[in-house]
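**Student:** One-letter residues, chain by chain:
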Amino acid sequence: MLSQRSLFSRMFLLFVLIVPFTLFAQTPKEGTATIIGTVTLNGEPMRNVVVTIRPQNPTGPASSFPRAKTDANGRFRLTGVSGGQYILGALAPAFVSENDQPFPYLSPSFTGKTVNVSEGETVENVEIKLKRGGVITGRVTDAHGEPAAEINVRVSRITTPSASGMAGPPQSPMSMGVYRTDDRGEYRVFGLPAGKYKVSVGLATRQGYFSMQTSRSYIPETFHPDTTDEAKAKIIELEEGLEVTDVDIKAAEEQKAYEVSGRVVNAETGQPITGVNLSFASFDANGRMTGAMNGGWRSDANGEFRILGARPGKHGILIEDREGKGEFYSPPAQFEVVSSDVEGIEVRALRGATISGTVVIEGTNDPAILARRSQIRLNSADRANTPGTTRYGQANPDGTFRITGLPEGQTRIWAFADLQKLSLLRVEQNGVALNDSMLEVHPGEQISNLRAVFAFSDGTISGQARVSGGTLPEGIKLSVMLRRYETVSNARRLVPAGPMITPDARGQFVVRDLVPGEYEVTPFPVSQNGQLSSEFRAKMLPRFMRAKQTVAVSNGNETRVTLSLDLSQEN
Amino acid sequence: MKTFSTLLFVMLLLSSATAHAQETGSISGQVVTDSGRPLSNFSINISSIGSGSRGVSRSTSTDAEGRFEFNNLPNRSYNIFPSARKGYVLEPPARLGGLRLGENVTIRMTKGGVITGRVTDPNGGPLVSLSVSAIRIRDQEGKKVSGGGSGSPSATDDRGVYRLYGLQPGTYLVVAGGGQSVTVPALSPYYGDVPTFHPSSTRDTAAEIKVGNGEEVSGVDIRYRGETGRVVSGKISGGETTQAIANVVLRHAQTGAITGGTFVTPTQTQSGFAIASIPDGEYELTATRGNPDSGEFFYSEPRRVTVKGADVTGIELRLTPAASIAGRLTLEKSPNVCDPKLQMQLEDTSVFALRDDPLGTGTMSSGTPSGRNDSPDEKGEFKISNLKAGRYRFNANLRNETWFVKSISVQAPAGKAATAKPAVNDLSRTGLTLKSGENFSGVTVIAADGGASLQGKVETKVGAKPLTRAVIHLIPAEPTAADDLLRYVERGLNNKGEFAFNNLAPGKYWLLVRALPGSDEPERPIPPAHWDATERARLRKDAEAGHEIELKPCQRVKDHMLQK
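One line per chain: the protein sequences are A and B, in this order.
Each residue of the first sequence is one higher than the one before, starting from 1 at the first, in the working numbering.
Each residue of the second sequence is one higher than the one before, starting from 1001 at the first, in the working numbering.
Possibly wrong hints are sitting among the right ones.
[To be verified] Calculated from the model, a selection of chain A residues having no Cβ within reach of chain B, i.e. all distances over 12 Å:
#, residue
1, GLY43
2, ALA94
3, HIS144
4, TYR187
5, ARG216
6, PHE328
7, GLN410
8, ALA491
[What the hints assert, rightly or not] Derived pair list, reagent style EDC-like, types lysine to aspartate or glutamate, alpha-carbon separation capped at 20 Å:
#, chain 1, residue 1, chain 2, residue 2
9, A, LYS256, B, GLU1438
10, B, LYS1111, A, GLU186
11, A, LYS234, A, ASP246
Calculated directly from the structure, the hints in this document are not laboratory data.
Glycine residues also receive a C-beta, built at the ideal position from the N, C-alpha and C atoms.
Using the sequences plus the hints, can you model the full thing?
**Tutor:** Set out below in structure tokens:
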């Protein structure tokens, strides 16, 4: 008979399998806008291609959005679109899009086009240009020449500096995803843009970089054709739509990894502590933590734990009880792995501090919105999010919250991001706003008088950016930066309000769910390779800054703004 | 005096169990291919038999030489679960159950079957990144496999080619799209499509593909139909206090196969659920919520859903709390000690509850002796949680074959108001009806030494048709035991006509072989015939003139021949 545990783990496996074809419950309401366009392949219309949209800055789960298929003339018509800003893209996995916005939730090779629509509007002549993707295929063998089945193959694209002379890192590989060999050790990666690639298998173990595989053995990272030295990796030149075969890898000899085990005990009483979540951390030669992994390890009924996969080097085990229900935290219990399993590690648990208080929502009396307080999850961690310092607590329906097990020191409080139209404004202690929501906690302290103030945020800014007096240089895109005025301790300052906004081809943009208040809307140049030259900064940035606008936003209303950027204007 | 000696005996037993529990040891082994080549990086799980919350469960992986070892294991019996990956499947017969400390096992893996083909549209163009899976419907002997499990899905490449490997020998249906997508949900170009079965059909008319170990069946192509499925949507209520995600599952009414499902997070409760890609047909929709381990578990009764040419909306699923049952397993001193060296350990046993569901849609939950204090093993306390409302039948699995379950009853503890219903006492006869959310306690399971076992074979008469599908019933012959369900056993005969019964109470039994109707296993498990009073009376009537055997305490009957 199956044990209960394995029965349920099978059930969960089932649900994991089911997730992919889930239509999430938060289906957006039917809109009245329409987007009409074509999908082309090297200028020729493509039929039977599925086209869909996603919000530019998605919050919450992947919902179902309108989709359409192209007809024999490559034309599509997306109806029922709600007003807003979207990425529009084709779901054509073997093809590469020429558009430049990453398609939310998809791998880096999928991109789309920004489209901005208002309710009732019909946007026409949107063209999605596709190219045929390239293919890299090969076979992986182990050190004994046997096929290496079901191992991960990493394909990285080597990006080159852009043509516009912008400064940028010379050769930083960009992961194009991880693929698996089949039972014969073969792999086939398709839908790749033309470019230079490196292909590798195995676990990256370079200095100062954290990685872990929870097994007794691992393959050290090996690049095509058979080297563990990344500098000696053979570069694959992939031309548009072509196939490079025999990109074989002979993997390096498997290396041993070890099991580390021990016990979690109360530092004061020496008693074992059961059921705490643990993380495995690694340290470099200077004692600096390179990273940590939360692998679902827990101390058992005797307070004991076992963690598999430690490579030779310095490591540590620490309590990582993020759910914030446990009372304990610990500094990492450090040890060194040489060439055998390590036993008897003692993780000394310290009683953490507790913070509690209430959640309030300003700017509304609507009971339905106030009832959403129980959806709010508050997080606490040190500023650097150091492993072991993160705790969270879910608010109760009456607005009270409680987070336990906080390590001593500075902690910052913030809200979990999945809260539509609710934004954390500030955290107060005894009616005084905390600076940057930071709080100093002492060992075992009980802090009970906090107030987390949220705003009902239902304001909208819709804008139009106009460029005159020239065109932007190649590789530079116009984005929009949004900042809100905030008053803390009688000091007025600007705080960023969300990520950079990309206007669509017509220069239009829409930002929703904004906290009421005064905003500064500034056009901003963004380089495709992430960096602006100092010359550009000195000469052009002031012209962007001059075009900024200050506007007021209120709940339920749309604020219009026009940004006029004159590139010819002297400083 | 007698009471005292009983007590002393039990105490002795228990102290020996304690001593056992403190001994530790290792179980080790190696995973190799059928040609003896070591297989590295195979994960191996081990768990103590009858493991409840006090069970031991560990995992490791094989090293570069295919070896694994579990150290410092408490003295129990263990099951090993090796992962089957890299295209390999377990080579039977592998002994992976009932392992004791000090054992070293060699686990042999053999290459499983492979099914490959290409998925194209009606114009012959490839369908790319479409998930394809194989649903196993029969084993290699042609016996229907219940549940319709499937291996891991494969995604088609840019040529439309898929490759499913590591398949257990048997017969499969191959299906593209629908159910098990391997890409991000709503971003698959095929999202919302009804699945297409090989060669280009619905499930009812799908072609069957037979594959053996090491065999590769190629050319299993699919002409993809790309029809849009329907959406089944509605709302759930109840169980909000758990703050847990609810799971909604849509099963095919006839086969029980999962056709679709979704999650509802606490924040989405108001907006409800929607499941897409559903072909026309009859379904059952259920929802569950909560953590099965926490004891705070909610479920809904199955709701029948008919999908025919249109979306189905507005379904309301009400979640009600699950029930639980708790009690204690006791070892009774018996005048018959079969083997003084063998002593049963409570942690090796498990008590289980089976839902007596006349529709045959019941589920099974099991529990283990597990207590709420630091010495549960000695106390033998058990709790079975997450039970749906309904009538349950109870029994216990005893690992040591010389023991048997003597009684399962409710005994009101002296001086304390029992939560028991006064009318119920002998649960082995009446079963127990649990209400939603009920936490029933005070069940006493008594096991005793002196159990018998019976092994044998049913031979068909010369010229008679061989038994293809038959069950053997073991029926107590004593009239006083007519309603003692613990004395009844119903078991399927294997294809050689062999049967084996262990842990039997001594006494007189009738043996009755019955052919089952139809040529296939039913799609869903059917409760044993003796659970139903009318059926039980019929069994006794059919059996009384037939084959009778008396089993003495501790008797081991082997090679018992039976004619049919």
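**Student:** Now look at each hint and say whether the structure bears it out.
**Tutor:** Hint check results:
1. GLY43: Holds: least Cβ distance 20 Å, greater than 12 Å.
2. ALA94: violated, 4 Å
3. HIS144: violated, 9 Å
4. TYR187: violated, 10 Å
5. ARG216: violated, 4 Å
6. PHE328: PHE328(A) clear of chain B: closest Cβ-Cβ about 20 Å, beyond 12 Å.
7. GLN410: holds, 29 Å
8. ALA491: ALA491(A) clear of chain B: closest Cβ-Cβ about 35 Å, beyond 12 Å.
9. LYS256(A) - GLU1438(B): violated, 52 Å
10. LYS1111(B) - GLU186(A): holds, 16 Å
11. LYS234(A) - ASP246(A): Given that 20 Å is the threshold and the Cα spacing comes to 12 Å, the pair holds.
In this structure, the hints that do not hold are numbers 2, 3, 4, 5, 9, in rising order.
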